[in-house]
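Enquirer: The chain contents come next:
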Amino acid sequence: MVSEKQSHGAPIPVSLSDIADRCGGELIGESAHVVTRVASIGNATKDSLTFLASPKHIVTAGDTLAGVVLLKPEHQALVSGNKILVDDPYLAYAMVSNLFVHTSADLPQGIHNTACINQSVVLGKSARIGAGVVIENGCVIGEGVMIGHGSVVEAHCHIGDLTHVESSVTLCANSRIGMRCVISPGVVIGSSGFGYAPEGKKWRKIHQLGAVVIGDDVDIGANTTIDRGAIDNTVIGDRVKLDNQIQIAHNVQVGDDTIMAGCVAIAGSAVIGKRCQLGGRASVLGHLTIADDVVLNANAFVSQSIKQAGIYSSMIPVQPIRQWRKTVAHLNRLEKLAASIKKTGK
Amino acid sequence: MVSEKQSHGAPIPVSLSDIADRCGGELIGESAHVVTRVASIGNATKDSLTFLASPKHIVTAGDTLAGVVLLKPEHQALVSGNKILVDDPYLAYAMVSNLFVHTSADLPQGIHNTACINQSVVLGKSARIGAGVVIENGCVIGEGVMIGHGSVVEAHCHIGDLTHVESSVTLCANSRIGMRCVISPGVVIGSSGFGYAPEGKKWRKIHQLGAVVIGDDVDIGANTTIDRGAIDNTVIGDRVKLDNQIQIAHNVQVGDDTIMAGCVAIAGSAVIGKRCQLGGRASVLGHLTIADDVVLNANAFVSQSIKQAGIYSSMIPVQPIRQWRKTVAHLNRLEKLAASIKKTGK
Amino acid sequence: MVSEKQSHGAPIPVSLSDIADRCGGELIGESAHVVTRVASIGNATKDSLTFLASPKHIVTAGDTLAGVVLLKPEHQALVSGNKILVDDPYLAYAMVSNLFVHTSADLPQGIHNTACINQSVVLGKSARIGAGVVIENGCVIGEGVMIGHGSVVEAHCHIGDLTHVESSVTLCANSRIGMRCVISPGVVIGSSGFGYAPEGKKWRKIHQLGAVVIGDDVDIGANTTIDRGAIDNTVIGDRVKLDNQIQIAHNVQVGDDTIMAGCVAIAGSAVIGKRCQLGGRASVLGHLTIADDVVLNANAFVSQSIKQAGIYSSMIPVQPIRQWRKTVAHLNRLEKLAASIKKTGK
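Protein chains in written order, with my numbering: chain B, 41 to 386; chain R, 41 to 386; chain C, 41 to 386.
Since the hints were derived computationally from the structure, they do not count as laboratory data. Errors might be hidden in some of the hints.
No copy labels: a pair is met if it fits in one copy or bridges any two.
List time: in silico BS3-like cross-link candidates among lysine-lysine, alpha-carbon distance up to 27 angstroms [as the list claims (entries may be wrong)]:
| id | residue 1 | residue 2 |
| --- | --- | --- |
| 1 | K241 | K314 |
| 2 | K366 | K382 |
| 3 | K347 | K376 |
| 4 | K96 | K245 |
| 5 | K347 | K242 |
Since the structure is predicted, the reported quantities are computational estimates derived from the model, not experimental observations.
In isolation and in its complexed conformation, chain B is listed as follows (with noise of 0.2 angstroms):
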């Protein structure tokens, strides 16, 4: 057993007038009142910081205990206590919600005397490296990255200055990682794509020459996978959002701004447009060209090009079990159905 000495912050007090500065809002009230976390509208003490951005709230509003609501001008008067005028509150909160992570897994500068950092890597002099953590050779680590405990970076990564690797990541070699990125517990990347060619009953490994190239500020959820590319890059770009067990196969490239939901799939050398918005679980077959702003609903299957922005969707919502029998019994006599109205049409 290693013993070590490692200290996370306290709860910080935020003073109302940091955190009107922070979003930008009107301060009415106690300037130098401090609240020390974040609370829902009906939850909130006065110790707590809360929002009112939901029509639903607006009714029981009034009772709030919060130390300070943020909220929008026509709501103020609904509220007697401490308030801050935002245009959008629940984007005021965004921007303030930093502010109150008090505990965190946030690692000390430095590098722990457990990690394995190969010789040739270039690290910046204020990254903290994590117990466990092995980083082969030719890496180049930037300024103010972290990178958790029992994390793996294999030889000639880069990742771009203030960029978190979590705890238990997993780097392959060659991926490319920009600025101020966030990469979830679990997340594998550059992992070999599932490429193999047909060789009589048997399949032949194409082995995966490309590697993963990822933009700035880009979040990645836990237990992702993001596949390298076959001969070219797998590339996400800039600001693009992943939720948790999302699966990027070998050249596939996401437009910047895009999100998507937990669980979406993304095969082999789809192209996805910029700003679009998937849906969990949605799914894109090979080869498909997805347009800019398209939203795919939650499971939506798309197994054609879309060319133009817009709503997409294909799941049917469950029933229940006896009627939902009829629906199929009677979806696949479809045939016979259209066969029989144009025998009765005549």
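Assemble chains R and C onto chain B, guided by the hints.
Expert: Same frame as chain B, but now just chains R and C:
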């Protein structure tokens, strides 16, 4: 290389009287006979326990060579050898199955010399901590806890007595796990929820300030992910059983005794009732409520709250491709079909 | 921090005669010319190998700057530079692709000084064992095996000659892997099957006593999970290829030469035939049997056994949301529609 001695147990002979005691059955036969393994009724030999639970095995039960058979009283005449009479043979088998866990990854008591445990950690005396394990500051680890090789327990986690965290697990900061849980390899608990506020065409991250709270006797399968809450916590009830590769988003609540098969996905803030059964790859959209005792069949897609117990389904089984193409074509022409009927009917 | 030297190879020049030998093709051109990389036909330069496999590249093939092109004899007139004539250019490329793996995570021979290997382990002399690797008692590791950084091999596992276990893999106790397999990062093999017997309103765990047995030449993609059997084993045949994030439940059997794309899920005790091809996110319910040579299209949902080879499908492609809403509404009224037709028809 760190050399080490470690010994795991060999198969342990179990006497038929011990088995009968454990499952509360009536033994007919040699109480001193011992068995060392479990087998299906067709493969069983003199050293095997087996059970007769499925009607399809009744015809061959008489031929079994098993050292002992768990069966219902009404089937006792089928078997001439040793038998134990029980009301529910499958449940009785479940009750005795742990007697036959002869080779496991269970660690020896103590802390491996490569583990990194912060000085502030409160650690139960009988804990077993594997190689390369990291436990950050402020954690409280109960009595009899096992933490497998390579697992990371970030700051301020609590793990209840007798819980087994297997190899390669990541518990992010502030996660709370109850007693007697089993967390399988590759699980990530407490990773950042997926929360962004739109800011023009971009996405502004909402820092996720809640935690994950897991009850007692919960099992979590390999590579499952459970995100921490945005403000409040993500909560998993007592005795919940989660299979592999399940995705539980931020602020989800799962009621006691609910069970979910592999690849289920629950979107943010959904509330799942007690004693629900979710089939493989079922999915529930965000902010919905599912009543107690709801059964979702495999691949069921829930897009509205379900207020009543019952069985729900939405998945269409495969057809041969030519037939399926026609079905889809007719489905896409349903509107015209309906219109033509209306016309015909006039 | 443990400092270390490690050297990975630089690009290795490959002569055209070596390439022709490897793929059995006829070289026309400079046999001594060397290339060092692979490129698509449009991006290729003098130092690149490329291939002409897709008809859509025929029109531009004449413009390629490639150092050598793999192509069919009937296309040889299209290319004036060096060329190698082969029957199947894509297969030929697959055969030579491994010559161009110039930067890899391959470890140097030997055992990293931070690895923990139990004294009882039988380890092939030429094995390469990465940093922080744990190998528990009773394991047998073949010749030429690589085990990447941070991987855990629990007790009594067997790993066949020349198999590569990449970084961050977890092999639970008793797993048996054949020869020449590749196990990608984040894979979990041998985790507990999901087995519970109902006990009133609760679930009683059935301890999972089987193991996982994997054949030779099997590839397993990142974050895929394969559970151990309940009593008998989970069995993966020879030359099976599994992509990322696949879930294989307990007691599944997968036949030789079957290939599965990303996110496939196979429920417990299903038996998948030989030479099957499962598209992305296909799923098969428990206890079903799928014949040899079955092709399941992407997202296919199989709820009954398939006894005949062929192509099966069940997934409905997306429509624009307004159109889709109408389709679902009509689908939900199918029963009424059928009834009204019956009436009309009279």
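Enquirer: Evaluate each hint against the coordinates.
Expert: Cross-check of the supplied hints:
Taking identical chains as interchangeable, the C-alpha atoms of K241 and K314 lie at most 27 angstroms apart only when they sit on different chains, with a minimum of 10 angstroms there against 40 angstroms within one chain. Taking CA atoms no more than 27 angstroms apart as the test, K366 paired with K382 passes in both settings, with 23 angstroms inside one copy and 16 angstroms between copies. Taking identical chains as interchangeable, the C-alpha atoms of K347 and K376 lie at most 27 angstroms apart only when they sit on different chains, with a minimum of 25 angstroms there against 34 angstroms within one chain. In the homo-oligomer, the alpha carbons of K96 and K245 lie at most 27 angstroms apart only across protomers (23 angstroms), although the nearest pairing inside one protomer, at 56 angstroms, exceeds that limit.
In this assembly of identical chains, K347 and K242 lie within 27 angstroms of each other by CA distance solely across copies; the values are 22 angstroms between and 36 angstroms within a copy.
In terms of the numbered hints stated before, the structure departs from none.
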